[in-house]
Amino acid sequence: MSQNLENSNQDSLISVRVIDIITALLFIVVGLVVMFGSLKLGANWSSDGPEAGYFPFYISVIMLLSSAVNLYQAAIVHKKTEAFVNKESFKQVMAVLLPAIVFVLGVQLIGIYVSSVFYIAFFMVWLGKYRIWKAIVVSVGVSVTLYLLFEFWFQIPLPHGSWFNPLELVGVQ
Amino acid sequence: MCNKNYQLKNEEKDLKKGFKLEEINALFNGFAIAMSPFNLLLMLVGVTLGVIIGVLPGLGGANGIAILLPLTFTMSPTSAIIMLSCIYWGALFGGAITSILFNIPGEPWSVATTFDGYPMARKGKAGQALTAAFTSSFVGALFAIVMITFLAPLVAKFALKFGPPEFFAVYLLTFCSFVGMNKGSPFKTISAMMLGFALATVGMDTVTGQLRLTFGNPELMRGFDFLIAVIGLFGIGEILLSMEEGLAFQGAAAKIRRQ
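Each protein sequence line maps, in turn, to chains L and A. With the numbering used here, the residue at position 120 of the first sequence is 120, and numbering never jumps. Plus 173 on top of the position in the second sequence (first one is 1) and you've got the numbering used here.
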């Protein structure tokens with residue numbers, strides 16, 4: 001993801017080749033992590049059967065081999081120069097992705113109900129071009145409904161915020 | 174050994190002799206119980222609730238039954254099972270409504286309905302498409318019930334013979350066909366598949382009881398939930414893809430009833 005962000009600053013578009021190479025490298029990194037993790041656990045056949053790392057070790061071997069082929073094909077064989085994403089679409093995708101990342105952070109820090117009020121209102125005003133009062137009514141309504149639904153009916157506690165719980169200000173838990 | 178074989182054969186003969194009549198008898202006995210007015214009312218309520226659940230994307234038949242289970246606590250077991258099965262059938266049909274009207278499949282099994290149901294709705298034939306979906310749901314459910322009534326004993330016998338080697342064979346066939354049927358590079362498919370396997374191995378190892386690949390993080394002890402992987406990879410991916418293609422909701426006015 002961070003590579004995508006860096007490339008967005010350049011004027012040139014990202015080609016499929018670059019994305020393929022990045023993906024193959026990421027897969028190789030994951031494969032190495034799995035391989036070292038399973039080697040630490042023991043990837044042999046002991047007296048009482050396979051050790052804990054036996055299956056993941058061979059999974060990582062297959063993953064490394066196939067990703068190496070992918071890397072080779074992307075970098076050397078098929079040099080796909082067509083664009084992976086153009087600038088306008090990339091902006092559109094980021095317009096959804098970045099607020100979503102902020103929303104997930106907000107869920108962790110200040111709880112899901114207050115964050116979703118801001119998230120829904122922000123999207124309605126900014127992308128949907130709704131009137132502000134409509135956005136506030138809908139977002140607060142959705143959050144209150146979710147609160148009643150999950151806290152009272154389903155009895156499932158959703159994250160209330162690890163850093164600061166704004167619901168405490170209103171007096172509800 | 175010989176004696177046991179003989180006994181088994183005898184049992185099989187008995188099964189064949191009384192096979193059909195007994196099943197039909199049981200089936201009609203079941204109808205007699207189900208056809209009481211109270212149970213018929215419960216069917217109506219159950220199917221209505223099931224359709225509502227089916228229309229909501231993400232909530233399927235199994236979830237719907239889990240959510241509406243408290244409704245049945247005061248009923249007799251037979252009525253409760255009738256209501257729950259009606260919720261399930263209703264949810265099966267409910268998924269078709271959104272796929273026909275909005276091109277959004279409410280359930281995984283109504284994805285195929287979007288292929289021809291949505292184009293029909295755009296031509297103004299939404300009513301016909303819904304009727305076709307409902308009729309096919311009804312006919313399919315009827316045949317499924319008849320099949321399960323007569324085949325269930327045979328399937329039950331076969332199911333016990335299905336051991337680890339057979340499971341391995343089925344899974345191997347599945348994953349090989351993923352690689353074979355994919356249009357792109359087979360190595361990409363293999364890489365993605367192995368990533369899935371690697372994610373599935375995180376957590377407690379069922380054989381040795383050791384913690385695998387958690388890297389000291391207690392949150393990873395239970396492994397990655399399947400739902401999280403599906404929503405993260407498909408749900409969010411689908412949203413981002415539709416943003417990339419531009420937000421253009423293609424809709425058309427369609428009437429349910431001819432006026």
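Be aware that one or more of the hints could be misleading.
As the list claims (entries may be wrong) - Restraint ranges, calculated between C-beta atoms of paired labels, are given here: (1) GLY297/A with VAL77/L: 48 to 54 Å; (2) VAL29/L with ARG295/A: 43 to 49 Å; (3) VAL29/L with VAL380/A: 23 to 29 Å; (4) PHE331/A with MET94/L: 52 to 58 Å; (5) LEU105/L with ASN355/A: 32 to 38 Å; (6) PRO292/A with LEU158/L: 38 to 44 Å; (7) TYR58/L with GLY297/A: 55 to 61 Å; (8) GLY297/A with LYS91/L: 34 to 40 Å; (9) VAL104/L with ILE277/A: 36 to 42 Å; (10) GLY297/A with TYR130/L: 16 to 22 Å; (11) GLU392/A with LEU148/L: 43 to 49 Å; (12) TYR130/L with GLU417/A: 19 to 25 Å; (13) TRP126/L with ILE240/A: 32 to 38 Å.
Everything labelled a hint here was simulated from the structure, so no lab data went into it. In this text, a Cβ means the ideal position worked out from N, Cα and C, and glycines have one as well.
Against the structure, the hints:
1. GLY297/A with VAL77/L: 48 to 54 Å: At 50 Å between Cβs, range holds.
2. VAL29/L with ARG295/A: 43 to 49 Å: 46 Å, holds
3. VAL29/L with VAL380/A: 23 to 29 Å: 27 Å, holds
4. PHE331/A with MET94/L: 52 to 58 Å: Cβ of PHE331/A to Cβ of MET94/L: about 53 Å, so the range 52 to 58 Å holds.
5. LEU105/L with ASN355/A: 32 to 38 Å: Given range 32 to 38 Å: holds, Cβ gap about 36 Å.
6. PRO292/A with LEU158/L: 38 to 44 Å: 39 Å, holds
7. TYR58/L with GLY297/A: 55 to 61 Å: 56 Å, holds
8. GLY297/A with LYS91/L: 34 to 40 Å: Holds, at about 37 Å.
9. VAL104/L with ILE277/A: 36 to 42 Å: 24 Å, violated
10. GLY297/A with TYR130/L: 16 to 22 Å: 30 Å, violated
11. GLU392/A with LEU148/L: 43 to 49 Å: Given about 29 Å between the Cβ atoms, the range is violated.
12. TYR130/L with GLU417/A: 19 to 25 Å: Since TYR130/L and GLU417/A have Cβ atoms about 23 Å apart, the given range 19 to 25 Å holds.
13. TRP126/L with ILE240/A: 32 to 38 Å: Holds, at about 34 Å.
Hints 9, 10 and 11, counting from the list given before, are not met by this structure.
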